[in-house]
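Enquirer: Spelled out from the first residue to the last, the chains are:
Protein chains: 2
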Amino acid sequence: MSMLKAVLFDLDDTLFSTTKFAKKARRAAVQAMIETGLDVPEQDVMRELDEVIAEFSSNYDHHFDKLLQRMRPSALQHLNSAMIVAAGVVAYHNTKIRELAPYDDVYPLLEALRAAGVRTGIITHGWTVKQAEKIVRLGLLPYLDPKAIFISDQIGISKPNPKLYLTVLNDLGLDASEVMYVGDNLVNDIAPPKSLGMLTTWARRGAKQTPEETGVQPLHTVDDFVEFAGLLRGVYGVDVKL
Amino acid sequence: MSMLKAVLFDLDDTLFSTTKFAKKARRAAVQAMIETGLDVPEQDVMRELDEVIAEFSSNYDHHFDKLLQRMRPSALQHLNSAMIVAAGVVAYHNTKIRELAPYDDVYPLLEALRAAGVRTGIITHGWTVKQAEKIVRLGLLPYLDPKAIFISDQIGISKPNPKLYLTVLNDLGLDASEVMYVGDNLVNDIAPPKSLGMLTTWARRGAKQTPEETGVQPLHTVDDFVEFAGLLRGVYGVDVKL
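Read top to bottom, the protein sequences are chains G and W. If you count by numbering that gives the first Met the number 0, then the first sequence holds residues 0 to 241, one letter each, in order. If you count by numbering that gives the first Met the number 0, then the second sequence holds residues 0 to 241, one letter each, in order.
Among these hints, one or two may not hold up.
Intra- or inter-copy, both count: the list cannot distinguish identical chains.
[Claimed, not checked] Pairs of lysine-lysine residues, derived as DSSO-like cross-links and limited to a Cα-Cα distance of at most 30 Å, are as follows:
hint, residue 1, residue 2
1, Lys65, Lys146
2, Lys95, Lys23
3, Lys162, Lys193
4, Lys19, Lys193
5, Lys4, Lys22
Don't read these hints as lab results, they were simulated from the structure. Just so you know, these numbers come straight off a predicted model, no measurement behind them.
Use the sequences and the hints to build the structure in full.
Expert: Laid out in C-alpha cells, this is it:
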C-alpha cells in the first residue's frame, strides 16, 4: 500500500494551457472590436491590449474599456464605445466556452488516480468566481474530491505563502509526507509545499521559469502526465494505468 | 415622403422576450447547482431564487451566492459552495448564449426600415455592460444606426425621466414629431416620449400592465411587428414590406 494518500494540482498552466487559451480569446476579442467599427490595425490593438494587461494585471475587469480609452478618439467618433467593448467581451467569452479544455492526459490521470484510491484535488491562486468557473468549464469537477478544492481567495491566504498549503493539509487531515503537489510555477507551487515536507512534482510543459533561474529544485520533474503516471507507479507504488 | 425619420425601440420585452429567456436560464442554473451537489428539491430552490431576485433586484451580481447563504447549511456540508455557484453561473451563461434571440419579426422589420431610409435605434434602460452585451448577442448591431444606440446608464438619465428622450432627440438632431418610439412598458416607454410630442407605439406582446392599470394611452398599439409594418405603411406612408 502506497504512503501517497492525495495528489493535489495547481490549475493554470498545470491542468490546461492558460497562456495559449488567453492568447486565442484575446485575439478573437480584438477582431470582434475591429469588425464592430474600431478602425485600427489588429496588430496595433493587440500590442496595446498586451500593455493594458501588463499594466493593470490579468485579473482586472475592464481591460477593453481601458484599451478604448487609450486608442485615438478618431477611431471611435461614429460609434458608441460600449458596443465595441461588448463585442470584445462577447467574443472573448464565446472563445472561452468553445476552447477551454484540459491537457489531453488530465482526465485519464484523474480517473486512474481515483480508481487507485488516491484523493485528487486542486489548490489554485486567484479570484474565487474566476477559478471556480474555470474548474467547472474544464469539466474537472466530476474527477475531484469535492472537499479538496481550495481557492486562495476563499481561504484568505495567497501563494507562495506556505500557510495556504498547511491549511489544506489540516483540512484534509493528512500529513505533509502523504501529499504530492503538482504545479508549473517553481516559486508558487514547488518551494512552499517543499518547505513543509510535502512531495513535489514540477509539471514543466506550461512553465515560464527554470530551477536555475529560481533556485528552486523540485523533488520530481515531468513533461506530461503519462510520465507522471509512470513516476507514481515506479516510485510510489500507486497502481495508475494511463 | 414620410415625415417619419427614425423609429427607436426599447430592448427588453420589446425586441426579445426577457421574461421567457430569464426563466429558462434560471431553471438551467438551478438544475446545474443541484447536479453539482445542492441537495434541495428543484422547486424549493426556484422559489428561493425568485425571492432573492425580488429582494435584491434583477441587476444584482450575486444572486446565487445569496441563494446558497439562504439554503440550509446541511445541504452544503460536503461541498465548496463556490463550485455550486460557479456551476449555476456557467449554466446560466451557456443558456444565455444558446437561447438569446429576438422575436422572429425583428430582423425583417429592421431590415425593411433601413431599406426604406428610416433610421433605427435603441433607447434602453439598464447597466451599460449588460445592455450592450444583449444588443451584441441578439445580433441587432448590423441593423442599427451606430449613432442611435442609447443606454440610460451611459447617459446618466433613467427611464421614465423624459430628459432621456430629449437628449436622444438632441443627439440625433430630430424633431419629436419625426421620431416614433416603440416599447412594452407604458410608464417607462410611452408616457415620457408622448409628453415630448414624440410618436408612440405600445408593443404589447411582452407587456405586464394595461393602459387601464397605468392610465397611459399610447398613440398606437400593436401585437407584433407585422402589424406594426402595416401601421407604418398605412398611416405614415413608409414603404416597409414584411
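Enquirer: Please go over all the hints and tell whether each is borne out by the structure.
Expert: Right, here's what the structure says about each hint:
Taking the shortest alpha-carbon separations for Lys65 and Lys146, only the inter-copy value of 21 Å comes in at or below 30 Å, while the best intra-copy value is 39 Å. For the homomeric pair Lys95 and Lys23, the shortest alpha-carbon distances inside one copy (9 Å) and between copies (22 Å) are both at most 30 Å. Taking the shortest Cα distances, Lys162 and Lys193 sit within 30 Å of each other inside one copy (12 Å), while across copies they are farther apart (64 Å). Proximity of Lys19 and Lys193 under a CA criterion of 30 Å is satisfied intra-copy only: 28 Å inside one chain copy versus 54 Å between copies.
In this homomeric assembly, Lys4 and Lys22 never come within 30 Å of each other (Cα to Cα): the closest approach is 36 Å inside a single copy and 44 Å across copies.
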